[in-house]
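Visitor: Spelled out from the first residue to the last, the chains are:
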Amino acid sequence: MAPFAGYDMPISYPRGAVEEHLLCRRSVGLFDIDHMGQVELRGAGADEFVSGLVSARVLDMSEGEARYSLLLDEKGLVLDDLFIYRLRGRWWIVVNASNRASDLAWIRARAPEGVIVDDRSDDTYMIAVQGPRAIELLDAVSGGAVSALRRFTAGEIVVGGTKVLFGRTGYTGEDGGELFFPAVAALELWELLLAEGEAGGIETAPIGLAARDSLRFEAGMPLHGHEISPSINPIEAGFKWACDFAKDFVGRKALEDVVAAGPSRRLVGLDVTGGVPREGFEVLSPAGEAIGACVAGMYCPTVKKYAANAFVLPELAKPGTALAVSIRGKPRDAVVVKRPLYLPSYRR
Amino acid sequence: MKIDPNCRYRSSHEYARKDGGEIVVGISDHAQEALGDIVFVEMAEPGKKVAQGEPLGVIESVKAASDIYAPVSGTIAAVNPALQGDPALVNKDCYGAGWLLRLSPSDPAEWDGLLDAAAYEKECGKE
Chain E
300 MAPFAGYDMP ISYPRGAVEE HLLCRRSVGL FDIDHMGQVE LRGAGADEFV
350 SGLVSARVLD MSEGEARYSL LLDEKGLVLD DLFIYRLRGR WWIVVNASNR
400 ASDLAWIRAR APEGVIVDDR SDDTYMIAVQ GPRAIELLDA VSGGAVSALR
450 RFTAGEIVVG GTKVLFGRTG YTGEDGGELF FPAVAALELW ELLLAEGEAG
500 GIETAPIGLA ARDSLRFEAG MPLHGHEISP SINPIEAGFK WACDFAKDFV
550 GRKALEDVVA AGPSRRLVGL DVTGGVPREG FEVLSPAGEA IGACVAGMYC
600 PTVKKYAANA FVLPELAKPG TALAVSIRGK PRDAVVVKRP LYLPSYRR
Chain C
2 MKIDPNCRYR SSHEYARKDG GEIVVGISDH AQEALGDIVF VEMAEPGKKV
52 AQGEPLGVIE SVKAASDIYA PVSGTIAAVN PALQGDPALV NKDCYGAGWL
102 LRLSPSDPAE WDGLLDAAAY EKECGKE
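Heads up: the sequence lines are chains E and C, in that order. Note that my numbering has the first sequence beginning at 300, numbered continuously upward. Note that my numbering has the second sequence beginning at 2, numbered continuously upward.
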């Protein structure tokens with residue numbers, strides 16, 4: 300167990316982080332992610348407010364659509380990353396646990412009169428169900444309601460008598476989705492999913508924080524505080540696609556300057572030989588000079604690589620560039636590789 | 002927690018087992034359990050002389066890296082080649098297929114100073 304944003308969360312369950320990772324890639328993993336925050340925005344002017352608040356285009360979303368976005372400050376730096384759902388008459392925004400309070404303060408300080416900013420985190424529970432057989436398992440508990448929903452859409456389903464908002468999204472690179480429902484039903488739904496997996500012969504098991512991290516890392520998804528943070532802009536981190544320059548949003552002007560000048564550094568993946576690169580380890584140029592630090596690094600069980608993410612000068616960011624990572628004082632070979640290491644199943 | 006009665010131990014959780022004239026070195030079941038999934042093992046090269054208590058190499062788990070120390074002085078005779086491709090052998094079978102290396106001991110008297118199984122079990126109980 301480990302403290303995480305005020306929650307006690309398991310690093311791994313008894314089968315261990317590597318096996319949990321592989322299990323999620325071959326069958327179904329359950330993620331107890333109640334720590335994630337949910338903010339609901341509604342009221343007159345909410346649509347325009349959300350559009351100006353976040354980086355991604357949102358006004359073209361239809362009811363039931365879900366989209367990834369960034370929350371930027373005026374300097375174009377990343378305060379948080381968000382999953383935004385457009386629901387009937389309201390916006391449902393999923394925020395990172397560690398940024399919940401600061402996001403809410405940021406949003407409330409900017410919300411015009413008429414827009415209601417509702418922190419729904421405490422009364423909402425969140426479980427993610429991810430893996431190649433996740434939809435099969437979810438269909439079994441929802442009367443087949445889930446397979447009817449496309450990727451990046453959401454709908455209301457009923458599981459074990461509980462009304463659940465289901466979004467076909469996730470943070471692993473596998474198909475599946477995320478369930479939002481009243482916190483009081485948490486244990487019942489968790490046990491129902493495990494029991495249905497057992498009864499239906501669908502291998503299903505809980506996944507801890509360590510495997511959650513390695514799954515998202517392999518699939519090229521960012522973790523706030525690592526690949527994105529209040530000292531990183533989305534252009535250098537490879538998230539220009541999540542910024543809609545055809546509209547106005549907080550941070551846009553600063554990002555236009557970055558785009559015009561070209562980013563001063565870029566996020567790259569490194570395939571490392573001879574040890575496990577970890578956050579904070581120095582990255583060395585071919586000449587042996589320290590040129591940065593790993594923002595994340597670990598063993599990746601599916602691709603069987605020791606890999607890191609780091610920011611380097613644009614001229615060193617090309618796949619195939621030979622760099623090094625200092626592991627316990629020794630330079631170890633690190634080759635720039637194309638991200639993601641693991642192409643999400645729904646992008647193949 | 003399994004404790005191999007044929008081994009002697011260091012309080013830092015390495016075991017030593019006599020095999021012919023050599024000493025097989027690994028980490029205890031208690032240690033592999035505490036480390037969690039082991040994903041990388043790197044030991045010093047055969048031929049290297051080490052004194053008791055000096056680092057022999059490093060084991061990295063999902064969580065962290067841990068130095069491994071020589072339970073007795075000697076020369077490294079062999080390192081387990083299977084761990085390069087499958088470091089998880091240390092988790093699966095720490096006293097068997099997951100051994101780390103073999104030492105040719107230079108001071109047979111050091112063996113007697115190591116913890117026997119009962120003393121090591123007591124030591125683990127204190128943690």
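A few of these clues could be false.
Restricting the straight-line Cα-Cα distance to at most 25 Å, the calculated cross-link-like pairs of lysine-lysine (DSS-like) are [what the hints assert, rightly or not]: (1) C:50 x C:19; (2) E:604 x C:64; (3) E:374 x E:539; (4) C:19 x C:64; (5) C:3 x C:19; (6) E:629 x C:93; (7) E:604 x E:629; (8) E:603 x C:19; (9) C:50 x E:629; (10) E:617 x E:603; (11) E:637 x E:617; (12) E:604 x E:374; (13) E:552 x E:604; (14) C:123 x C:3; (15) C:19 x E:629; (16) C:93 x C:3; (17) E:374 x E:546; (18) E:617 x E:604; (19) C:93 x E:603; (20) E:539 x E:603; (21) C:93 x E:604.
For the record, the hints were derived by calculation from the structure and aren't laboratory data. Nothing here was measured: the structure is a model prediction, and the numbers come from that model.
Visitor: So, for every hint listed, does it hold in this structure?
Guide: Evaluation of the provided hints:
| no. | hint | in the structure |
| --- | --- | --- |
| 1 | C:50 x C:19 | holds (18 Å) |
| 2 | E:604 x C:64 | holds (16 Å) |
| 3 | E:374 x E:539 | holds (15 Å) |
| 4 | C:19 x C:64 | violated (31 Å) |
| 5 | C:3 x C:19 | holds (18 Å) |
| 6 | E:629 x C:93 | violated (29 Å) |
| 7 | E:604 x E:629 | holds (19 Å) |
| 8 | E:603 x C:19 | violated (34 Å) |
| 9 | C:50 x E:629 | holds (21 Å) |
| 10 | E:617 x E:603 | holds (22 Å) |
| 11 | E:637 x E:617 | holds (8 Å) |
| 12 | E:604 x E:374 | violated (36 Å) |
| 13 | E:552 x E:604 | violated (39 Å) |
| 14 | C:123 x C:3 | holds (13 Å) |
| 15 | C:19 x E:629 | violated (33 Å) |
| 16 | C:93 x C:3 | holds (12 Å) |
| 17 | E:374 x E:546 | holds (17 Å) |
| 18 | E:617 x E:604 | holds (19 Å) |
| 19 | C:93 x E:603 | holds (18 Å) |
| 20 | E:539 x E:603 | violated (29 Å) |
| 21 | C:93 x E:604 | holds (20 Å) |
Of the numbered hints listed earlier, those contradicted by the structure are 4, 6, 8, 12, 13, 15, 20.
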